[in-house]
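K.L.:
Below, each chain spelled out in residue letters.
Protein chains: 2
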Amino acid sequence: MLKAREAVLRLKEYHPPLGERSGMRLDFNENTSGCSPRVLAKLGSLTPDELAKYPERDSVEVVVAELLGLAREQVLLTNGVDEGIHLLCEAYIEPGDQVLIPVPTFSMYEIYAGAAAAKVITVQSDSTLRFPAQALMQAITQRTRLIAVASPNNPTGAVAGEQELLALAAAAPHAALLVDEAYFDFYGQTMLPHLGRVPNLFVARTFSKAYGMAGLRAGVLAGSAEQMRMVRRVGSPYNVNAVALACLPTALADGDYIADYVAQVRRGRTRMLRELDSLGIRYWPSEANFVLFFIGEKRTAFVEGMRRRGILVRDRNSDPGCAGCVRITIGTDVQTEAAIAAMRQVLLEIHYTDAMKVGR
Amino acid sequence: MLKAREAVLRLKEYHPPLGERSGMRLDFNENTSGCSPRVLAKLGSLTPDELAKYPERDSVEVVVAELLGLAREQVLLTNGVDEGIHLLCEAYIEPGDQVLIPVPTFSMYEIYAGAAAAKVITVQSDSTLRFPAQALMQAITQRTRLIAVASPNNPTGAVAGEQELLALAAAAPHAALLVDEAYFDFYGQTMLPHLGRVPNLFVARTFSKAYGMAGLRAGVLAGSAEQMRMVRRVGSPYNVNAVALACLPTALADGDYIADYVAQVRRGRTRMLRELDSLGIRYWPSEANFVLFFIGEKRTAFVEGMRRRGILVRDRNSDPGCAGCVRITIGTDVQTEAAIAAMRQVLLEIHYTDAMKVGR
Numbered sequence: 001m002l003k004a005r006e007a008v009l010r011l012k013e014y015h016p017p018l019g020e021r022s023g024m025r026l027d028f029n030e031n032t033s034g035c036s037p038r039v040l041a042k043l044g045s046l047t048p049d050e051l052a053k054y055p056e057r058d059s060v061e062v063v064v065a066e067l068l069g070l071a072r073e074q075v076l077l078t079n080g081v082d083e084g085i086h087l088l089c090e091a092y093i094e095p096g097d098q099v100l101i102p103v104p105t106f107s108m109y110e111i112y113a114g115a116a117a118a119k120v121i122t123v124q125s126d127s128t129l130r131f132p133a134q135a136l137m138q139a140i141t142q143r144t145r146l147i148a149v150a151s152p153n154n155p156t157g158a159v160a161g162e163q164e165l166l167a168l169a170a171a172a173p174h175a176a177l178l179v180d181e182a183y184f185d186f187y188g189q190t191m192l193p194h195l196g197r198v199p200n201l202f203v204a205r206t207f208s209k210a211y212g213m214a215g216l217r218a219g220v221l222a223g224s225a226e227q228m229r230m231v232r233r234v235g236s237p238y239n240v241n242a243v244a245l246a247c248l249p250t251a252l253a254d255g256d257y258i259a260d261y262v263a264q265v266r267r268g269r270t271r272m273l274r275e276l277d278s279l280g281i282r283y284w285p286s287e288a289n290f291v292l293f294f295i296g297e298k299r300t301a302f303v304e305g306m307r308r309r310g311i312l313v314r315d316r317n318s319d320p321g322c323a324g325c326v327r328i329t330i331g332t333d334v335q336t337e338a339a340i341a342a343m344r345q346v347l348l349e350i351h352y353t354d355a356m357k358v359g360r
Numbered sequence: 001m002l003k004a005r006e007a008v009l010r011l012k013e014y015h016p017p018l019g020e021r022s023g024m025r026l027d028f029n030e031n032t033s034g035c036s037p038r039v040l041a042k043l044g045s046l047t048p049d050e051l052a053k054y055p056e057r058d059s060v061e062v063v064v065a066e067l068l069g070l071a072r073e074q075v076l077l078t079n080g081v082d083e084g085i086h087l088l089c090e091a092y093i094e095p096g097d098q099v100l101i102p103v104p105t106f107s108m109y110e111i112y113a114g115a116a117a118a119k120v121i122t123v124q125s126d127s128t129l130r131f132p133a134q135a136l137m138q139a140i141t142q143r144t145r146l147i148a149v150a151s152p153n154n155p156t157g158a159v160a161g162e163q164e165l166l167a168l169a170a171a172a173p174h175a176a177l178l179v180d181e182a183y184f185d186f187y188g189q190t191m192l193p194h195l196g197r198v199p200n201l202f203v204a205r206t207f208s209k210a211y212g213m214a215g216l217r218a219g220v221l222a223g224s225a226e227q228m229r230m231v232r233r234v235g236s237p238y239n240v241n242a243v244a245l246a247c248l249p250t251a252l253a254d255g256d257y258i259a260d261y262v263a264q265v266r267r268g269r270t271r272m273l274r275e276l277d278s279l280g281i282r283y284w285p286s287e288a289n290f291v292l293f294f295i296g297e298k299r300t301a302f303v304e305g306m307r308r309r310g311i312l313v314r315d316r317n318s319d320p321g322c323a324g325c326v327r328i329t330i331g332t333d334v335q336t337e338a339a340i341a342a343m344r345q346v347l348l349e350i351h352y353t354d355a356m357k358v359g360r
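Line order of the protein sequences matches chains A and B. Under the working numbering, the residues of the first sequence are numbered 1 to 360, in order. Under the working numbering, the residues of the second sequence are numbered 1 to 360, in order.
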């Protein structure tokens, strides 16, 4: 009888909580106002012939590499960051190799590392949910082959310091250090300039968040030219679709659209934190387009109350160290005001009292 | 120092011969007239919000499953057939397992099997380039974990018989038998009805060929519900982009467009074979939208002569058993006539004589 690999049999199944998503989308950290209108115009200008041809990513990789200040050979466009993580695991992890993952974090690192038959070692943040740099350093062994760090991190919004990351890369030269900068646009700091000097460093970027193109599936994996040659070997030459490739240069050229959206998110983030302060609700400082805060046992009623008011937020209770927590995406100014008004009403409705606000 | 997996270090790099493709595209077996105009209209109707959201494939999988006469759990939409092959290799192949690949065939089987650290065993067709059923049967061992069969096969156009495939699946119950039906629409026979009864059978389909949507990257991998659960585990929930998902139901609904295109290809195929007969050029019978024929040492001059006349065809000389061969995609009636006229001219131009036609 046909039997899946041992590592696959052990693998947890990941079921994204999608399904019907009617309402204001403050649940998946996407761009909540959609992509640039210019991208849509580009979409409408595509010809049947362009769709019928196998996609060629090369020329677009040149454009993206230039934008990122990298050599063309350092850049691989991927089918979302998911594929970048997948390829990295497949390129480097032999069965039994160790993968270090600070948690809580994005769930796909653990899935792809597990699929590659790695021994996954999660490193728990303390109650501040800050990047656990010291604990990670101590967890490095000769078998460490990948360290996956989202910075800013999801669902916490915390960032890893440049020096901390460089120290990690130096302490584990036999491991790939992936810095997933999916939320870079809302933060502004990047490890990209170190790619030339740190041979085991990889940086991931995405057009799913600030750029509003999660549906198009376009990510970037960047590393040293030598290592990227290995990563390319395990992927398909046709991994990124022609629509994404056609739209990317257009999206990149419309800097004003992104700048305006990012400015709204930054304003909204400050506004939301001030509001949480005044409501006496505990939260974690965020450099991303979302905020994690503590509701406690009433979190299900809170999420449901928001949903009834047409606003989708995400229960993160089952993330390690996030018991009782809810994550809300920050969108446009108007959306932030609507979300705050709804939060106030829902907290009253669920009889959320000071006694419940202590935190964990 | 960071070192790629042994299997990756050994892996051949695949460089698709793309780059500039100006002219009549008879080189990649795509739909040469483009996708249905209805698909294009659908594309133009997408909203920024639809592009900004993570894609949800579930509802489209229901539509595709229904069309294929399968249960929803049996069907996984993939980022082209490439991803289906990749996931199948990752789900089942432990390092050192054996993968049987009849050759010549589509090159990605060997790449993904190699990336999974399989021992790849190629089984060469004889000079008829027919499906080597007997040789495959004899190559099965206890370590055989995957048998990858394209039917119709690329670049030969040959098909594997239903009984031959069933016998293979029965002889290797501990292996996955992948029947890649990428060219199904030009053939008409399928293994799909056997999926319920043969637990180790998988069938792949694509919308890159007849449907003219190679740029959108949409494939299907189908198998038993139980096995597909394993395959799903190693993939991303967001592997197929939102544009492909939005356009697929529209494309499937426009049956007339496909029927007309397929009818032209079938007519053109007959017409091309008759022409090759009259030119005295050896060819291999094809059930796909292309024909492989023998030119010999002048093949480079032939391909170049066609290109100068604005027609792109593909040199298959380096495929095992295809020395001296060229492959031409069959498109619309008009394109077939143009291709034939150009072939006649080029053969004269390169002084192609009867003495060169002997075959291999």
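Keep in mind the hints are simulated off the structure, nothing from the lab. Keep in mind that this is a model prediction, so the values were computed, not measured. Please note: incorrect hints may appear among the correct ones.
A pair counts as met if it fits within one copy or between any two copies, since identical chains are not told apart.
EDC-like, lysine to aspartate or glutamate: derived pairs with alpha carbons at most 16 Å apart [claimed, not checked]:
#1 Lys3 with Glu56
#2 Lys357 with Asp319
#3 Lys298 with Asp315
#4 Lys298 with Asp58
#5 Lys357 with Glu50
#6 Lys3 with Glu94
#7 Lys357 with Glu94
#8 Lys42 with Asp58
#9 Lys3 with Glu66
#10 Lys12 with Glu162
#11 Lys3 with Glu226
#12 Lys12 with Asp319
K.L.:
Looking back at the hints listed earlier, which ones does the structure fail to meet?
P.N.:
1, 2, 4, 5, 7, 8, 9 and 10
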